[in-house]
Every structure is written in structure tokens, then in C-alpha cells.
Amino acid sequence: MLNPDLVGRTFAGATSTTITAESIAAFALALGETETHLAPPTFAITISLEQSQSVLVESGLDWSRVVHGDQRFSIYKQLVAGMQIQCDSTIESARVMAGNEIITVRSDLIESGETAVSSWSTLVFRA
Amino acid sequence: MSIFKVGEFLPSKTYIINRASLVTYANASGDQNPIHQDETFAKSVGLENVIAHGMYTMGLVGQYVSSMAGSTSKVREFSARFTKPVVVPAGVNVELVVSATVVELTDEVARLEITATCNEVKVLGMAKAVILL
Numbered sequence: 001m002l003n004p005d006l007v008g009r010t011f012a013g014a015t016s017t018t019i020t021a022e023s024i025a026a027f028a029l030a031l032g033e034t035e036t037h038l039a040p041p042t043f044a045i046t047i048s049l050e051q052s053q054s055v056l057v058e059s060g061l062d063w064s065r066v067v068h069g070d071q072r073f074s075i076y077k078q079l080v081a082g083m084q085i086q087c088d089s090t091i092e093s094a095r096v097m098a099g100n101e102i103i104t105v106r107s108d109l110i111e112s113g114e115t116a117v118s119s120w121s122t123l124v125f126r127a
Numbered sequence: 001m002s003i004f005k006v007g008e009f010l011p012s013k014t015y016i017i018n019r020a021s022l023v024t025y026a027n028a029s030g031d032q033n034p035i036h037q038d039e040t041f042a043k044s045v046g047l048e049n050v051i052a053h054g055m056y057t058m059g060l061v062g063q064y065v066s067s068m069a070g071s072t073s074k075v076r077e078f079s080a081r082f083t084k085p086v087v088v089p090a091g092v093n094v095e096l097v098v099s100a101t102v103v104e105l106t107d108e109v110a111r112l113e114i115t116a117t118c119n120e121v122k123v124l125g126m127a128k129a130v131i132l133l
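Protein chains in written order, with my numbering: chain A, 1 to 127; chain B, 1 to 133.
For the record, the hints were derived by calculation from the structure and aren't laboratory data. Note that this is a predicted model, so its numbers are computed, not measured. For every residue, glycine included, the Cβ atom is placed at its ideal position computed from N, Cα and C. Misleading hints may appear alongside valid ones.
[What the hints assert, rightly or not] With a Cα cut of at most 30 Å, we get these calculated DSBU-like pairs of lysine-lysine: (1) Lys-128/B with Lys-5/B; (2) Lys-43/B with Lys-84/B; (3) Lys-74/B with Lys-5/B; (4) Lys-77/A with Lys-5/B; (5) Lys-122/B with Lys-13/B; (6) Lys-5/B with Lys-43/B; (7) Lys-128/B with Lys-13/B; (8) Lys-77/A with Lys-43/B; (9) Lys-128/B with Lys-77/A; (10) Lys-77/A with Lys-74/B; (11) Lys-128/B with Lys-84/B; (12) Lys-13/B with Lys-74/B.
[As the list claims (entries may be wrong)] Quick look at which bits of chain B chain A covers, simulated, 3 or more residues with Cβ under 8 Å: (13) 58-66; (14) 72-85; (15) 101-110.
[As the list claims (entries may be wrong)] Derived, one-sided and incomplete: chain A residues facing chain B with beta-carbon distance under 7 Å: (16) Leu-31; (17) Gly-32; (18) Glu-35; (19) Pro-40; (20) Phe-73.
This is chain B alone, in the form it adopts within the complex:
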């Protein structure tokens, strides 16, 4: 028996993104693009401010999926579209709010549709995951 039900809304989790966490992710991932750390550079290429790595946002959503699945090792499929940049001004803790709905269940897997928002604006589109039960 699955612990999930089709149509079930899974509890939301909030993740904090700030300038320090962007540096930590840059070092862990190897993606040192200055648009994710250097405000002067980000503005010089037409951005409003420093923006989070799309893969950082997706990685935090991956943590949400892992936690709902019960383990990282249960995540089988994970996809997302980067629709809106997550802008990270200096000295601000930006809240990324993640939730999901169970849209399909089989004997083996659950399919989730995920919502990720910052300041009530969706930052990922078509975010989906398949997790092992």
C-alpha cells in the first residue's frame, strides 16, 4: 500500500536562498558564473541583480522530492523548466516555497507535479518527478 493518494497535496517546505548560500552552491557545483555572485557584473549584463543558479533552485526542489520520497535513492525522474530567475539582493533571505501534488500512482512509483515559488511568483515550470514507492 502506498502512503500517497492520487490528488493528494504534499506539505510545502520553505528553503532560504541568500548570497552566502549561492557561494556555497557555486563551490559545491563548480559553477562560478559571476552573475550568481557579483552584483556589479550581473547588472552589467542587464540583470536586475544577482540571480540564483537555476540548478541551485532545482537542486533545492530535488531536496524536497528526496524528502517526500523518504530517500534521495528513490528519485527516478526529475525535470523542470527555468521560467523566472530567482533574484537575490544583498542582505536578503529569499524564500523558495516548494509543494507538490501526487498526480499518478502505480504499484511501483508515484508521479509528482511540483510548484516552486518566490514571492508568490512561480520560478519553475513543468516541474515533475517520479519517485519509487
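Bound-form chain A, shown alone:
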């Protein structure tokens, strides 16, 4: 069980990630995108999910029980190669349904002090 005191807390990313042209191209090609120099709409997940995982595992949750429930992106600025991204994750909500723990984490991908993409992942930790 997640400590309810953690709901609302923001965990600042310890390190920043530099987006590479190779990582964008590989992701875009895997999805059949033709603009391989632009990060596809879901690219932020490659940064945000790892951060969410480390926050939730440190908070005592068992990542091997996780199922992705839903996902939302708000894209304020197109991600491109060379951007240095800091990812901050906030546990927005946690509830228990039928023994499963349902947690929504918002991850903000911040570039030069401004949020480029916000990613909300609802993760279901199966009982």
C-alpha cells in the first residue's frame, strides 16, 4: 500500500536527460512515423515511465504487479533532439478498488524551466 501522505508530493528528477536524434528516430520508425526528426506524441513515455517507476518502487510498490490503466499527454512544445529534459513526477491520486491499487502519476518534462510535455499515467497494481 502506498503511504497516503505521498499523494500530492512531487519528486524532482535527480538527473536530466538529453534527447538524442537516434532515440527519436528509432521510436518514430517503430511507429511508422515519417517525420523521424520529431518526437512522436507518445515519446515522452520513454522518459516519464522510468521516473514514475523509480518513485513508486522507492515508495514500496511492486512493479512486477503493474498494469497500465490509462495514459494522457498534454504537449506544449514539440520535443526534438538536443533538448535537456528534467522530469518531475507528482503522485496525483491513489485509491483501492477490489484490492487493486490505482495510482495516477503526473510527470512534467521540463526544458529550460518550462514544461514541454505533461504525461499522466494511471497504473494499476494488481492485488
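Following the hints, position chain B against chain A.
Using the frame of chain A, we list chain B on its own:
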């Protein structure tokens, strides 16, 4: 003037998901969970077979949205619920059929409601996008 009309049904596109494409997505995304590649492992945790990454399915739908918008850079909002797993048996090309309806237009954006099905079963729920005009 928008090229879209409210209520307009946008043309469908079909994407192929198979074991090889799951490996390509796993390598590109970094998500190497064995339920998306290893049939023995997937069955050992109670799944029918290997299943696609939810984010792979959503990513392909993102490609659909990008293509309807005219560019990846025009996608502003994108959301979906993972309602049914996409099961990918060995040696099978699973068809993901994606379509959308324009539900709202402003001077600046179009709001789309998206349908994604495999074998006529909806695999995403509440799939929506906002694209710049």
C-alpha cells in the same frame, strides 16, 4: 477555413502488429517487459499469449493522429484507456484498425474521438486527441 467538419468520419488506417514489431518497439522504447516478447513467460503469468505494449498500440494510434493532423508537431493532447490487451500469437500479423470522428472544431483546434480495434474488438477506450489546425 478548416479542412475538417464537425461530425466528419476520418478515413481508417490499418497497422500491422507482429512479434517482430513488438521487439522493435521494445528496443526503441526501452520497455523490455517479457510479457511482450516471451510466450512462455506471458502464459506463466496468466496471459493468453504475448500481448502488445499498451503504449505501442497507443503509439500507432498517435501515428494515425499525426497523419490526420498533417504533422506530429500539431498534436497537442492525446489520451486513451487500455481496455483490452492486443494478443499477438507467433507467426500472426494482427491488424489494428484505427479511425476517428471530428467532434469539435474551434478556430485553432480540432478535437477527435478515436476508435482502435483488433478483430473488431475495441482495444482502447476513451481515445481522444486535440490537434492544431
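Hints violated by the structure (listed by number, smallest first): Failing hints, ascending: 6, 8, 15.
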